[in-house]
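Peer 1: One letter stands for each residue in the lines below.
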Amino acid sequence: MVSLEEVRPLACWTGTDYYQGENIPSLTIILKTRGCNWNRCLMCGYRFERYSADELLDFEAKLNAQLNWVINNYPSSSYSMVKIYSSGSLFDPKEVPSSFLSRIASAFRGKVVVVETRPEFIEENKLETFISDIDTGAWETPLYCAIGLETTNDNIRDKCIDKGFSMSDFFCAAEEARKAGAGVKAYVLLKPPYLTENESIEDSANTIREVAKIAELISLNPCTVQKNTNVEFLWKRGGYRPPYLWSVLEVISRADIFVTCDPVGAGKVRGPHNCGKCDTSIIDGIRDYNLNGDLSLIEALLEIECDCKDEWEFICMKERSYCMPLTH
Amino acid sequence: MRLFEIKNRDGLALAGHLTLDGVQTAFPVALDMNEKFPDLMHYHHDNLSLFQEKMQENWSDLQINPGMLHPGGKPVTRHGDILLVPNWHTAFINPRNYIEWLVSIRLKSPPDTLWYAPACALPSNVHLLVYSGFSIFDWTSVDLKSAQGIFCLQGCELPKVVEREGFCSCEGCRSGSLLLHNRLALLSELNTVRYYIYKQQLREYVESRSRLSAFQVTVMRLLDQCPVFLEPFIPVTRSVQMLATTEDSLQRVEVKRFMHRVLSRYIPPRNDVAILIPCSARKPYSTSKSHRRLKHIIRGRGHELIITSPLGIVPRELERIYPAAHYDVPVTGYWSQEEKKIIGAQIHEYFKNNQYRRVIAYLEGGALETVTAAFSALEVDCEIITRDDPKKDSMSGELDDALYGEKRKRSDIVRGTCLYQFDTSINTENFILKGYSPEERVFRNKMQLFSFDAHTGYLRPTFQGWDLIKDKYNVCIDPFIPQGDILAPGVVGADPQIREGDEVIVRGKQAIATGRALMSGDCMVESTQGVAVKVRKVMRIEPQ
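Protein sequence lines, in the order shown, are assigned to chains P and C. Every number in the working numbering is 730 more than the matching position in the first sequence, counting from 1. Every number in the working numbering is 44 more than the matching position in the second sequence, counting from 1.
Just so you know, the hints here were simulated from the structure itself, not pulled from any lab data. Treat each hint with caution, since some may be false.
[Stated by the list, open to error] Okay, the calculated bits of chain P under chain C, using three or more residues with CB under 8 Å as the criterion:
| no. | segment |
| --- | --- |
| 1 | 838 to 844 |
| 2 | 924 to 934 |
| 3 | 965 to 978 |
[What the hints assert, rightly or not] Below, simulated DSSO-like cross-link-like pairs (lysine-lysine); rule was C-alpha separation at most 27 Å, straight line:
| no. | chain 1 | residue 1 | chain 2 | residue 2 |
| --- | --- | --- | --- | --- |
| 4 | C | 204 | C | 243 |
| 5 | C | 204 | P | 1039 |
| 6 | P | 966 | C | 578 |
| 7 | C | 300 | C | 118 |
| 8 | C | 478 | C | 243 |
| 9 | P | 856 | P | 909 |
| 10 | P | 909 | P | 966 |
| 11 | P | 1007 | C | 243 |
| 12 | C | 478 | C | 333 |
| 13 | C | 118 | C | 152 |
| 14 | P | 998 | C | 243 |
| 15 | P | 762 | P | 856 |
For clarity, every value in this text was computed on a predicted model and none was experimentally measured. Idealized CB from N, CA, C, for every residue including glycine.
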């Protein structure tokens, strides 16, 4: 057995976030937990990163050890925002014991805390307790519930993602969060399986427009092909292509508000990609936009010339659900 | 009004004409499908990968044209429709899936439907799509190549970096339009494919065109390995040449069927002596110089069996039948191991089942090696007379000597053909052949029973001839008196062993008729359009 001193989170890094018009240092933590209870989303490969049944001994000790490792390695002064993910729901008591939740809260007191959770675990009381532990009055909204809404289209969320919750569930959760004084961060998935390039652009653009009324923060996540997922099954058989980076630009450019976007696996075959020639400059541009919210940068990137742009425009026009994807 | 008319079939491939907005177009064809079928725009958020049926419920709700045909979906029952096979372009990833899905959609759709393969057709692959049974295509795939700057040729796609000068001088290339060039290249290829269907030689074209793609050859070979599926679509007779120029020809249904019928249907006459002789370039063999000379030496003193590739044993009586009189092979005298193995096995089987007192092999090269190997495992000895110099036939004296004292017997072409064609043994006593080969008529007591079809070598029975064949190759029709050909909707039942090209007897309450089948027995029962039987003669049945 691994000794508790060696237990670490799945990943932990510092970065910079564009928040309320300025750049603030942030810390991102991905905790290893019992894993997501829903565990069915077609594109999700994180669900394999969990404690298996025989590792559950000392589970709480392991969680504490992960937190201790973070506290010991990242001085509290080095960040103002903490984003905590578990590829599941931090507020699900089955996944994370509530005692540990309060440990987290006190560890990150005074920070802006973003916590990943499914909407069904957002309850006013629970959030109020959590907020009272972190709030020092330094921030107007000390807590954000990060929900993988993916799309505002119930049909797509159900059939293309198998997400297991509806828009009304999301509205209820947002209401609960607001009552407790927490904000909502919505994750939007660009190009779930079974959608054409154009259908996915339209869907994400609509989603951002609609969700902007409810969520204070929006993050656009271009879909990637993760191991052992339904999406990978389709992808290997020519049934799925991750979105073009052009599409990512298109969706951001159509948004009226700032949308965070840090495309994972960008430029790789399994991630959002173009032809390979223009990928790097577009990815760099998106990363810059991510830090300054300057939409003119995105619009400028959409104007750059590359051979694959004609291809992308053709795909957007001609790809249909009965003949897709047309490219790989 | 009917949307389309199927005029020609060649294996799974269909050709004919399609009427859209009052305009007639020949198919297989590439169309602007969204313009011709605006309903297609309703397919939205309805992706259904060929692998799964998850979103099936959405699809089946849509009552639009074209309808959908999916390998995992419900069988389509409506006739005369164009059917869209969604995402068929993804079938080009794995040839095994391609075949599995192809068999599935064929079995799930009526024979008188046209399949639309969206975003598939390129000049380099459309022959295979048509060979697989698809008839309708769109411009999506070639237009995508144009958007990517790729120059489409028959055999390949040239990337943007390759200099295009001098490859083509079509209207598109002259005017500098890649889009037009690529579309014209697809059109030209579709025209060629249509021509080969019309010529009944699509297989030959596909064999030659597929060589630049391992995928295409694999699909062709895997399809050949599904004989039960493929066989009913292949005609039993054709009147055109069959080119057996590749190793894959050995696996053709036509070849396997011939070899199989020689073993299973054909029964040799009671001859004591079998003489194995080589084939000739000229067909039927007996019209060649070498066979005329052989005939003169043998003089009926043995049963002549021609040993040839790819057909194996061709008994003399069957030499006029398709494809024995129709094949052409590159002759080098060399036989590949595959030829030796397949044909050797047939020879072995033939002589195991059929007893001769003596077997004389007057052969050389690969044919002789194959025969020798086949006989090594048999109890019968094979006397070998080697031909050193085929031109001089220096050993013909030796063959003559070997046959010294053997009884002469006439070759009975009617009996042999009847066995092969109808799987029926008839007593040919007192039969008289009139007229000249290959168009003899067969009489008994001044009553004509059969005539030979000069193009296919098949027998065309008269009503009296059919009396000898009894209850085989029947087509049952509704009670009407046929005026001209029998159309498929009038057929109520048909012998399932009927294939395109077979001679059949049509039976109805009001009339009987003789004729030739233009589709398989099952196909005539299932189809609601097209000519089922080309009628030769009709006889009314007088009401009693």
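Peer 1: All hints, please: hold or fail.
Peer 2: Here's how the hints hold up against the structure:
no., hint, result
1, 838 to 844, "violated (count 0)"
2, 924 to 934, "holds (count 4)"
3, 965 to 978, "holds (count 3)"
4, C/204 with C/243, "violated (36 Å)"
5, C/204 with P/1039, "holds (14 Å)"
6, P/966 with C/578, "violated (49 Å)"
7, C/300 with C/118, "violated (33 Å)"
8, C/478 with C/243, "violated (32 Å)"
9, P/856 with P/909, "holds (11 Å)"
10, P/909 with P/966, "violated (45 Å)"
11, P/1007 with C/243, "violated (48 Å)"
12, C/478 with C/333, "holds (24 Å)"
13, C/118 with C/152, "holds (7 Å)"
14, P/998 with C/243, "violated (49 Å)"
15, P/762 with P/856, "holds (22 Å)"
Hint violations for this structure: numbers 1, 4, 6, 7, 8, 10, 11 and 14, all remaining hints satisfied.
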